Amino acid sequence: MSRTATLKKLLGDDWSLEFVDADGDCFFACVSKAFDGDPTTQDLRDVVADACDDETLESFRAARAAGLEDYDFVDDCDDLDALRARLRVPGGAAGCVWADDFALRTIAATQQVGFAILDEAARGAGRFVVIDPQNTMIVLQRTRRQHYNLIVRGHAYTFSRDEIDAHWAVRGDADEAPRAKRARRTKGK
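Quick note, the sequence shown lines up with residues 1 to 189 if you use my numbering.
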């Protein structure tokens with residue numbers, strides 16, 4: 001089943017995907033597009049870089065020491081200035097750092113927006129993740145390859161928290177229903 005078909009099955013026919021380039025800026029591009037290009041992807045990267053402090057650097061180093069490969073970039077960061085410079089590298093350029101939980105939460109706080117994420121790598125109710133619920137929400141698809149695309153309804157890029165709560169709260173894994181039905185049919189045999 002195509003990604004769009006799966007999305008429509010989970011959320012409804014009026015929802016669709018807007019694909020963004022897989023160049024390392026996908027999360028930032030989704031947020032920028034949701035706000036009609038202001039802030040730009042580079043503006044958003046700058047916000048994340050400026051939010052870093054010594055504690056952020058140490059938490060990235062701890063993640064790397066724990067063996068998380070997504071944080072191997074920190075090996076090249078001798079100090080906070082080096083970390084900030086590395087986080088500013090735009091998508092498509094060598095050394096670009098993908099958005100992580102720190103970036104998502106920083107953008108959520110500074111832009112006063114929450115994120116509702118349909119995570120294709122998860123199953124069941126865990127497919128529907130909400131980060132920092134706010135009055136304004138952006139809906140994202142996170143692919144198994146950790147790429148973000150924007151989920152839209154009609155021509156809307158942002159949604160109220162009530163819309164997301166109402167829609168997200170009733171969703172489960174569409175694949176779970178057939179399994180549960182089969183289990184009920186075979187249980188009595």
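Check each hint, because a few of them may be wrong.
As the list claims (entries may be wrong) - Between beta-carbon pairs, the in silico distance windows are:
#1 T110 / E163: 18 to 26 angstroms
#2 P90 / T110: 15 to 23 angstroms
#3 A65 / R161: 12 to 20 angstroms
#4 A5 / R145: 17 to 25 angstroms
#5 P90 / D54: 33 to 41 angstroms
#6 D75 / T4: 16 to 24 angstroms
#7 E69 / D14: 32 to 40 angstroms
In case anyone wonders, no lab produced these hints; they're calculated from the structure.
Every value quoted in this text rests on a predicted model; they were computed, and no experiment measured them.
For each residue, glycine too, the CB sits at the ideal point set by N, CA and C.
Could you tell me whether the CB distance from E69 to D14 stays inside 32 to 40 angstroms?
-> With a Cβ separation near 38 angstroms, E69 and D14 satisfy 32 to 40 angstroms, so the hint holds.
Honestly, do A65 and R161 meet the 12 to 20 angstroms range at C-beta?
-> violated, 37 angstroms
Pairwise beta carbon distance, P90 to T110, judged against the given window 15 to 23 angstroms = holds, 18 angstroms
Starting from the range 18 to 26 angstroms, see whether the pair T110 and E163 falls in it by beta-carbon distance.
-> holds, 22 angstroms
Indicate whether the distance between the beta carbons of A5 and R145 respects the range 17 to 25 angstroms.
-> holds, 19 angstroms
CB-CB spacing for T4 and D75 relative to the 16 to 24 angstroms hint = violated, 39 angstroms
Does the Cβ distance between P90 and D54 fall inside 33 to 41 angstroms?
-> violated, 25 angstroms
Consistency note: the structure conflicts with the earlier hints numbered 3, 5 and 6.
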